[in-house]
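Just need the whole structure built from these sequences, with the hints factored in.
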Amino acid sequence: VTRDIEKAVNWSFGNYIFNCDWDIMASTTKARQHGFESFEDSEHMFSRILTEMAETRMVPPL
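Quick note on the working numbering: the sequence shown kicks off at 57 and runs consecutively.
One or more hints might be untrue.
[To be verified] Pair ranges (Cβ atoms, derived):
hint : residue 1 : residue 2 : range
1    : Glu-111   : Trp-78    : 36 to 44 Å
2    : Asp-60    : Glu-93    : 17 to 25 Å
3    : Thr-85    : Pro-117   : 34 to 42 Å
4    : Phe-74    : Asp-97    : 20 to 28 Å
5    : Lys-86    : Glu-62    : 27 to 35 Å
6    : Glu-108   : Lys-63    : 13 to 21 Å
7    : Asp-60    : Thr-84    : 27 to 35 Å
Calculated from the structure, these hints are not laboratory results. Ideal Cβ placement from N, Cα and C applies to all residues, glycine included.
Listed below in structure tokens is the structure:
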């Protein structure tokens, strides 16, 4: 597991999202039409990921 943040993330997406002068509209219709129907509650997902990261010592314990 890499601990170097520069190797672990790609800043391009964040730069795009946070620097847009327009609203970003996205639809999941096409993905669902092609079989990608599962989803996970965002709050549960973040809790799960942060717990996993704490267990691997990527972030301090929660």
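Here is how each hint holds up against the structure:
{"no.": "1", "hint": "Glu-111 x Trp-78: 36 to 44 Å", "result": "holds (39 Å)"}
{"no.": "2", "hint": "Asp-60 x Glu-93: 17 to 25 Å", "result": "violated (35 Å)"}
{"no.": "3", "hint": "Thr-85 x Pro-117: 34 to 42 Å", "result": "holds (40 Å)"}
{"no.": "4", "hint": "Phe-74 x Asp-97: 20 to 28 Å", "result": "holds (24 Å)"}
{"no.": "5", "hint": "Lys-86 x Glu-62: 27 to 35 Å", "result": "holds (33 Å)"}
{"no.": "6", "hint": "Glu-108 x Lys-63: 13 to 21 Å", "result": "holds (18 Å)"}
{"no.": "7", "hint": "Asp-60 x Thr-84: 27 to 35 Å", "result": "holds (33 Å)"}
Comparing the model with each numbered hint stated earlier shows that hint 2 is the single one that does not hold.
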